Amino acid sequence: MIQSKDLLGIKELTPEEIYLILDTAAGFKDVLMRDIKKVPPLRGKTVVSLFFEPSTRTKTSFALASKRLSADFVNFSVSTSSVVKGESLKDTALTIQALGADFVLVRHASSGVPHLLSNILDISVINAGDGANEHPTQALLDMFTIQSYKKKFKGLNVAIVGDIAHSRVAKSNIYALTKLEANVRLICPPTLTPAEVDKLGVEVHHSLDKGLKDVDVIMALRLQLERQSKGFLPSLREYFKLYGLTADSVSHAKDDAIVMHPGPMNRGVEIASSIADGNQSVILEQVTNGIAVRMAVLYLLAGVKK
Amino acid sequence: MSKSILDSNDINRAIRRMAYEIIEKNKGIGNLCLVGIQKGGVTLANRLASQIELIENGHIEVGTLDITFYRDDLNTKSEQPVVKRTEIPCNIDDKTVVLVDDVLFTGRSIRAAMDALIDYGRPANIQLAVLIDRGHRELPIRADYAGKNIPTSFDARIEVTLEENGSSDSVILVSG
Chain A
1 MIQSKDLLGI KELTPEEIYL ILDTAAGFKD VLMRDIKKVP PLRGKTVVSL
51 FFEPSTRTKT SFALASKRLS ADFVNFSVST SSVVKGESLK DTALTIQALG
101 ADFVLVRHAS SGVPHLLSNI LDISVINAGD GANEHPTQAL LDMFTIQSYK
151 KKFKGLNVAI VGDIAHSRVA KSNIYALTKL EANVRLICPP TLTPAEVDKL
201 GVEVHHSLDK GLKDVDVIMA LRLQLERQSK GFLPSLREYF KLYGLTADSV
251 SHAKDDAIVM HPGPMNRGVE IASSIADGNQ SVILEQVTNG IAVRMAVLYL
301 LAGVKK
Chain B
1 MSKSILDSND INRAIRRMAY EIIEKNKGIG NLCLVGIQKG GVTLANRLAS
51 QIELIENGHI EVGTLDITFY RDDLNTKSEQ PVVKRTEIPC NIDDKTVVLV
101 DDVLFTGRSI RAAMDALIDY GRPANIQLAV LIDRGHRELP IRADYAGKNI
151 PTSFDARIEV TLEENGSSDS VILVSG
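Going down the list, the protein sequences come from chains A and B. Residue numbers for the first sequence follow the working numbering, so the first one is 1 and each next one is one higher. Residue numbers for the second sequence follow the working numbering, so the first one is 1 and each next one is one higher.
Keep in mind that the hints were calculated from the coordinates and are not lab data. As the structure is a computational prediction, the values presented were derived from the model and not from experiment. Hints may contain errors.
What the hints assert, rightly or not - Derived DSS-like pairs (lysine-lysine); straight-line CA-CA distance at most 30 Å:
no., chain 1, residue 1, chain 2, residue 2
1, A, K11, A, K85
2, B, K25, A, K154
3, A, K150, B, K84
4, A, K150, A, K90
5, B, K39, A, K37
6, A, K305, B, K84
7, A, K305, A, K254
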């Protein structure tokens, strides 16, 4: 069972907790396939989103997840709120709690903000992405998607390709996959290799073709164009040539390998359109699964004794 | 202290009688569907269905219903419940659905089950079959078919063991 009132990162979860979330999500996926896509367990609860960085899909996915659980979802708009008038993060968070929220979803450019709020607040804090640290619900929905195709994690070869150093999605997925005993390979340019990579329990490849050999799952990452001004890459064209997923590079993976991407995609930068739209792609299914997984997280945290 | 209430033979007889009652009350099985509540009711629903099929020499649909998301005790239980499968094999609109559970106690599971069922369609009517009715209702709910009524103290526990093949069935009362 889930021990903490908060979901701060995959790092803090046990394998049993991850499996409980995935099993619960399967039940919610069934609910989402029905005519009536709503269930009542979070009636009377309020979920507030506090996003200091732009997000469309995560926020929309959480909003739908909340509403499918019969909770109320309110967006605390940072750009038009007192945050721009100089209110501190702490005061904003306490205000949201005083407004009667039961959950706060937080996304922030700085790592550790959810952890800080977790200590200040009595209500549940869910990390919706903190800096280059973690994006736990993305990793959980990725695990759910992998499980639905591959049935098991142990011994599975999973390649994560791209801008690993800047990616909280990669970080959360590395934690999740290693906890579930999959073999993780990171494929990235030397300049985008994360610090202290040897402590992560993963293989590192700088050649895409070699790294993709015989993998079961390929996870592409968005090249974070907004963080590339520091000269990590000579050009986007060269990046695509060396690290872009194309029919040719994907052919090195197993025939039944699935291709994943957390979105939003830069077509022609990290992934070719023929792959993104091809029959190995499960990218849109990830989006659907995201709602079920976020429902499971909200539901399970609601049941934690505070 | 624990006491055996029903043995394997008693349970078989009870299931057979309930099967006859269900058929009689509904004048056949033409418009009938059995739905077992996860997880205690699932085996009983299957057992009832095979008995009914034997008697009527026909086919009856059997489904399973998980009521986890409809419970009213999410915040009061010490452990989060594990979600099980819901499989309703047929369209339940205008059908007579017999909800099946092993023990009828406060009635709260049945309330949850009715809410869950109605999200799958609009049955013509919903009936309730239970193996044990132990009293202590907290809601205005009663069973249409009961294997046995057993007066219990509120703190007692009833342990039902039911297997698909009926080999080692038992109902045991553990006093609280």
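Handout entry: Hint numbers contradicted by this structure
Key = 1, 2, 4 and 7
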